[in-house]
Amino acid sequence: MALNKLRPLGRLMRSVSNPVCMPKSLHLTAIPAQKWKIGKINHIAIATPDIEKTAALYRDVLGAKVSAKHPQPEHGVYTVFVELGDTKIELLNPLGENSPIQNFLDKNKSGGMHHICLEVDDIKAAMADLKAKNIRLLSNEPKIGAHGSP
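Position 146 of the sequence shown, counted from 1, bears residue number 146 in UniProt numbering, the numbering being contiguous throughout.
Since the hints were derived computationally from the structure, they do not count as laboratory data. One or more hints might be untrue.
Claimed, not checked - DSSO-like, lysine-lysine: derived pairs with alpha carbons at most 27 Å apart: (1) Lys131 - Lys53; (2) Lys88 - Lys131; (3) Lys69 - Lys37; (4) Lys53 - Lys35; (5) Lys133 - Lys69; (6) Lys133 - Lys53; (7) Lys65 - Lys35; (8) Lys69 - Lys124; (9) Lys69 - Lys131; (10) Lys37 - Lys88; (11) Lys69 - Lys143; (12) Lys143 - Lys133; (13) Lys107 - Lys88; (14) Lys69 - Lys35; (15) Lys69 - Lys109; (16) Lys53 - Lys69; (17) Lys107 - Lys35; (18) Lys37 - Lys124; (19) Lys109 - Lys124; (20) Lys37 - Lys109; (21) Lys37 - Lys53; (22) Lys40 - Lys69; (23) Lys107 - Lys37; (24) Lys37 - Lys133; (25) Lys107 - Lys133; (26) Lys40 - Lys65; (27) Lys88 - Lys109; (28) Lys124 - Lys53; (29) Lys133 - Lys40; (30) Lys65 - Lys131; (31) Lys88 - Lys65; (32) Lys69 - Lys88; (33) Lys107 - Lys53; (34) Lys65 - Lys133; (35) Lys124 - Lys88; (36) Lys131 - Lys143; (37) Lys35 - Lys109.
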């Protein structure tokens, strides 16, 4: 399938407490081919306890294009979209008592990276493959994200 038909993988998150380098004994040829292809990074989502202050940092200090704050009640978040060169960042802030972002911020008081959204040519195959490799996904099925794509 052509790369122009890639869909965001969205909601993929893996917690890595200690970065690990590939052992010298494992060569790239030893890694089995996957049945799906990764395109580009669609966006990086950052949870923040103060979305206005974080948005101001990107806008006023770094000169980024910053959207208005938008409620996303179906996801339990407020979002602000940041464009910094070719990079897209999604700022997340809790909306409502059951917000998954509030749970994240309870564990990470100053906020941090919540997820990386990768574009892939077959989202269901990618999710199944990653799950089989013990990569923690934020949902079992593709979801439409705040950006309007799965």
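Consistency of the hints with the structure:
no.: 1; hint: Lys131 - Lys53; verdict: violated, 36 Å
no.: 2; hint: Lys88 - Lys131; verdict: holds, 26 Å
no.: 3; hint: Lys69 - Lys37; verdict: violated, 33 Å
no.: 4; hint: Lys53 - Lys35; verdict: violated, 42 Å
no.: 5; hint: Lys133 - Lys69; verdict: violated, 36 Å
no.: 6; hint: Lys133 - Lys53; verdict: violated, 38 Å
no.: 7; hint: Lys65 - Lys35; verdict: violated, 36 Å
no.: 8; hint: Lys69 - Lys124; verdict: violated, 31 Å
no.: 9; hint: Lys69 - Lys131; verdict: violated, 33 Å
no.: 10; hint: Lys37 - Lys88; verdict: holds, 21 Å
no.: 11; hint: Lys69 - Lys143; verdict: holds, 21 Å
no.: 12; hint: Lys143 - Lys133; verdict: holds, 21 Å
no.: 13; hint: Lys107 - Lys88; verdict: holds, 25 Å
no.: 14; hint: Lys69 - Lys35; verdict: violated, 38 Å
no.: 15; hint: Lys69 - Lys109; verdict: holds, 21 Å
no.: 16; hint: Lys53 - Lys69; verdict: holds, 12 Å
no.: 17; hint: Lys107 - Lys35; verdict: violated, 35 Å
no.: 18; hint: Lys37 - Lys124; verdict: holds, 12 Å
no.: 19; hint: Lys109 - Lys124; verdict: violated, 33 Å
no.: 20; hint: Lys37 - Lys109; verdict: violated, 35 Å
no.: 21; hint: Lys37 - Lys53; verdict: violated, 37 Å
no.: 22; hint: Lys40 - Lys69; verdict: holds, 25 Å
no.: 23; hint: Lys107 - Lys37; verdict: violated, 33 Å
no.: 24; hint: Lys37 - Lys133; verdict: holds, 16 Å
no.: 25; hint: Lys107 - Lys133; verdict: holds, 25 Å
no.: 26; hint: Lys40 - Lys65; verdict: holds, 20 Å
no.: 27; hint: Lys88 - Lys109; verdict: holds, 23 Å
no.: 28; hint: Lys124 - Lys53; verdict: violated, 37 Å
no.: 29; hint: Lys133 - Lys40; verdict: holds, 21 Å
no.: 30; hint: Lys65 - Lys131; verdict: violated, 35 Å
no.: 31; hint: Lys88 - Lys65; verdict: holds, 10 Å
no.: 32; hint: Lys69 - Lys88; verdict: holds, 15 Å
no.: 33; hint: Lys107 - Lys53; verdict: holds, 20 Å
no.: 34; hint: Lys65 - Lys133; verdict: violated, 37 Å
no.: 35; hint: Lys124 - Lys88; verdict: holds, 24 Å
no.: 36; hint: Lys131 - Lys143; verdict: holds, 16 Å
no.: 37; hint: Lys35 - Lys109; verdict: violated, 38 Å
Violated hints for the displayed structure, listed by number in ascending order: 1, 3, 4, 5, 6, 7, 8, 9, 14, 17, 19, 20, 21, 23, 28, 30, 34, 37.
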